[in-house]
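Quick note, the sequences are listed as chains Y and F, same order.
Whatever position you read off the first sequence (first residue = 1), add 221 for my numbering.
Whatever position you read off the second sequence (first residue = 1), add 44 for my numbering.
Hints are not guaranteed to be accurate.
[To be verified] Just a sample of chain F residues kept apart from chain Y, beta carbon distances all over 10 Å, derived:
no., residue
1, L216
2, P231
3, A418
4, D425
[What the hints assert, rightly or not] Estimated spans, in silico, between C-beta atoms of each pair:
no., chain 1, residue 1, chain 2, residue 2, range
5, Y, R402, F, P231, 38 to 44 Å
6, Y, S403, F, N331, 33 to 39 Å
7, Y, K250, F, R333, 53 to 59 Å
8, Y, A419, F, F400, 28 to 34 Å
9, Y, D415, F, A168, 55 to 61 Å
10, Y, S403, F, S70, 53 to 59 Å
11, Y, R402, F, A427, 22 to 28 Å
12, F, D329, Y, E436, 38 to 44 Å
13, Y, K250, F, D329, 37 to 43 Å
14, F, N331, Y, G267, 53 to 59 Å
15, F, P231, Y, D415, 57 to 63 Å
[Stated by the list, open to error] Just a few of them, taken from the derived set where beta-carbon distance is under 8 Å, the chain F residues facing chain Y:
no., residue
16, V193
17, M227
18, L230
19, E232
20, G247
21, P248
22, D249
23, I253
24, K256
25, E260
Rather than coming from a laboratory, the hints here were simulated on the basis of the structure.
For each residue, glycine too, the CB sits at the ideal point set by N, CA and C.
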Amino acid sequence: MANLRPVPEAREFDLARGSLRDLNLYLHKQAAADGVSQIRVKNPDGAHSIACGLNADLDVQIHGHVGYYVAGMNMHATVTVHGNAGPGAAENMMSGRVHVRGFASTAAGASAHGGLLVIDGDASLRCGISLKGADIVVGGSVGSFAAFMAQAGRIVICGDAEEALGDSLYEAVIYVRGRVRSLGADARFEPMADTDRAAVKNLLAQSGHAHDPAEFRRVASAKSLYHWHADANQEY
Amino acid sequence: MTGPQLEESAGFDRPTIDYIQRAAASGLYEIRGLGAKRRVPNFDDLLFLAASLSRYPLEGYRERCATKTLLGTRFAARPIELKIPITVAGMSFGALSARVKDALGRAATEVGTSTTTGDGGMTAEERASSKTLIYQCLPSRYGFNPEDVRRADAIEIVIGQGAKPGGGGMLLGQKVNPRVARMRTLPEGVDQRSASRHPDWTGPDDLVIKIKELREITDWEKPIYVKVGATRVFNDVKLAVHAGADVIVVDGMQGGTAATQTVFIEHVGIPTLAALRQAVDALDDLNMRGTVQLVISGGIRSGADVAKALAMGADAVAIGQGVLVALGCNSDSYIADGRHVSALEDYARLGTAPGFCHHCHTGQCPVGVTTQDAALELRLDPAVGAKRLKNYLQTVNMELTTIARACGKQDVHHLEKEDLVALTVEAAAMAGVPLAGTSWIPGRPGDPT
């Protein structure tokens, strides 16, 4: 860490002056040992893999836009991006919370197992692809193939959804408030139950978005592709 | 007196007629396990030119021949060091039982080599038993998690598999028991598709960034392997090198699978022999031989195969189907309480027989290797399996060193292409070695003799 040292009283890293490697190494191995739980990152300048692989109860505030895989594989930590995020934000997150104050590019929350991903703006293509149990709240709209092959977890979309929403869903559930351009293979609208409205209310509250849960529709798997059979034709 | 003359069609022979009639009856393509059954040019089509007057051999039973193998020396702080250049290929928990994964780990640890996880995540059993464990990062990301990333010795990003490059995967519901379902975050009994593309990156430019993310997560300690199914190998290997791989694994079309469409297994990808030469050419073209290590897999069976692969330029091999056969796959019996028990009736129930079985996809493996059935999996005792596999790997390694000594090499990694000739024009062209008795390499400039 020759070129980058945290200022002890501010716990601040300036990526214009130091390297990503030093920052991540500090977050992985030193922060908890130093008793530091709050870290502020300045000048991310679109760097990739900021705060990925965290495994401690840290609060990381990133001021600016980030590149790919911010908070990838996150465990326990809270990571906030005060800007936009590139592809794969919070990919494979296990627990904790990742909050993108701006927009998120493709594959936000891909294969995330747990925790909460909040995107205040829009999310691009394949948001929540292969989701495995995490919750995602998108304040804006999502691009095509959101929740593609999503296995478990919940996605709340406050805006619209583009083509093929929920294509090849397994057990994940989508709540969408706006227009849906089209549903993907095996996805269908289902009636909202009280438990669904309660879930949406809870997730909106956690993410800081104010909407009436009654405005959301539920999308889930019709489960017609759960087993390989001749009538599925090329949809399988 | 003779009977009527029966003339079988070359184009519509009995297997073809069977195929068409089955397709007409079911409306489904066939899915099966293991690898290609058609004959393609392979390592059997190469021969060694051992030492004689122009080369000096080592004494076969006395002189030392090193087999130590280092993988991942390019960027990783902790490269993989193996005692032998023969590794166990990635095979999933789901395709195989936890007991089999345990057996693989025990044997590999005893002989000083690595095992590899597979689609479906890392089991506690294999981590405990395998001293050196390679953790696969697959498109499905089933069971993939950062704790196991940190517990692994290396990470292998799987782009494709020799049996089904570009095809993703399938684990049929009958093999999805409660534990498999839990590890994959899916309901029991559901046919589980494994995606053909990674969820969070597309293309070689993204792969550069993905590899760097994994390096950041592992603090640049663990080697990153990239595995490709053999298709456009020359370009794929160059792209993987540019993306920052430490080790490249190339899986030829004879590589096995737990369940894939037959049309894929037999008709997609190129033979291991051709793939290996293209991979080595790519590394040579980039001047990266020795910097980026190359592991070849897909139908490797014997010490002769390993020796030929190393002579052509591989740093190590990975074996999958051979490992399963060593455990008892396609054997007519399994071992219970030290006794051989016939499995013939169980083969017959599947409509097959020992030596022909490729029914891994059913989960009803008669010898308990490729099953998740609670009763059938008991047919493979991990201790017995580990002993058999250790014997097999040891034998293969002894064969390898025997050949290397005969070629005058004190280290198996000193075997070279100049030690090889080909038996057929096809193999000569694919392997880039001369047809035996000539200096002719088809497709290469030279003076035919």
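Results of checking the hints against the structure:
The claim that F/L216 is not at the interface with chain Y is violated, since a C-beta of that chain comes within 10 Å of its own (minimum 7 Å). Some Cβ of chain Y comes within 10 Å of the Cβ of F/P231; the nearest lies about 7 Å off, and the non-interface call is violated. The beta carbon of F/A418 sits about 22 Å from the closest Cβ of chain Y, which is more than 10 Å, so the claim that it is off the interface holds. At roughly 33 Å from the closest C-beta of chain Y, the C-beta of F/D425 stays outside 10 Å, upholding its exclusion from the interface.
Here the CB-CB span from Y/R402 to F/P231 is close to 28 Å, at odds with the stated 38 to 44 Å. Restraint check, Y/S403 to F/N331: a C-beta distance of roughly 50 Å breaks the suggested window 33 to 39 Å. Under the hint 53 to 59 Å, the C-beta atoms of Y/K250 and F/R333, about 35 Å apart, miss the expected range. Between Y/A419 and F/F400 the Cβ separation comes to about 57 Å, which falls outside the hinted range of 28 to 34 Å.
Separation of Y/D415 from F/A168 is about 40 Å and departs from the stated range, judged on CB atoms against 55 to 61 Å. Range check, Y/S403 to F/S70: Cβ separation about 31 Å, and the 53 to 59 Å hint is violated. Checked against the hint of 22 to 28 Å, the pair Y/R402 and F/A427 fails, with Cβ atoms roughly 58 Å apart. For F/D329 and Y/E436, the Cβ-Cβ distance of about 59 Å falls outside the hinted range of 38 to 44 Å, so the restraint is violated.
For the pair Y/K250 and F/D329, the supplied restraint of 37 to 43 Å holds, since their beta-carbon distance comes to about 39 Å. Take F/N331 and Y/G267: their Cβ atoms lie about 32 Å apart, and the range 53 to 59 Å is violated. Taking 57 to 63 Å as the suggested C-beta distance range, the pair F/P231 and Y/D415 does not conform, at roughly 24 Å. Among the interface hints, the one on F/V193 holds; its C-beta lies about 7 Å from the nearest C-beta in chain Y, closer than the 8 Å criterion.
The beta carbon of F/M227 comes no nearer than 11 Å to any beta carbon in chain Y, farther than 8 Å, and the hint placing it at the interface is violated. With a least beta-carbon distance of about 6 Å to chain Y, the hint placing F/L230 at the interface is held under the 8 Å criterion. Given hint, F/E232 at the interface with chain Y, is violated; its Cβ is 11 Å from that chain's nearest Cβ, farther than 8 Å. Checking F/G247 against chain Y by beta carbon gives a least distance of about 11 Å; that is not within 8 Å, so the hint is violated.
The interface hint given for F/P248 is violated, since its Cβ lies 14 Å from the closest Cβ of chain Y, which is over the 8 Å cut-off. The interface hint given for F/D249 is violated, since its Cβ lies 11 Å from the closest Cβ of chain Y, which is over the 8 Å cut-off. Among the interface hints, the one on F/I253 holds; its C-beta lies about 5 Å from the nearest C-beta in chain Y, closer than the 8 Å criterion. Below 8 Å, beta-carbon pairs count as interface contacts, and F/K256 has one with chain Y at about 6 Å; its hint therefore holds.
Annotation: F/E260 was flagged as interfacial toward chain Y, and the flag holds, the nearest CB pair being 5 Å apart, inside 8 Å.
Hint compliance for this structure: hints 1, 2, 5, 6, 7, 8, 9, 10, 11, 12, 14, 15, 17, 19, 20, 21 and 22 are broken, all remaining hints hold.
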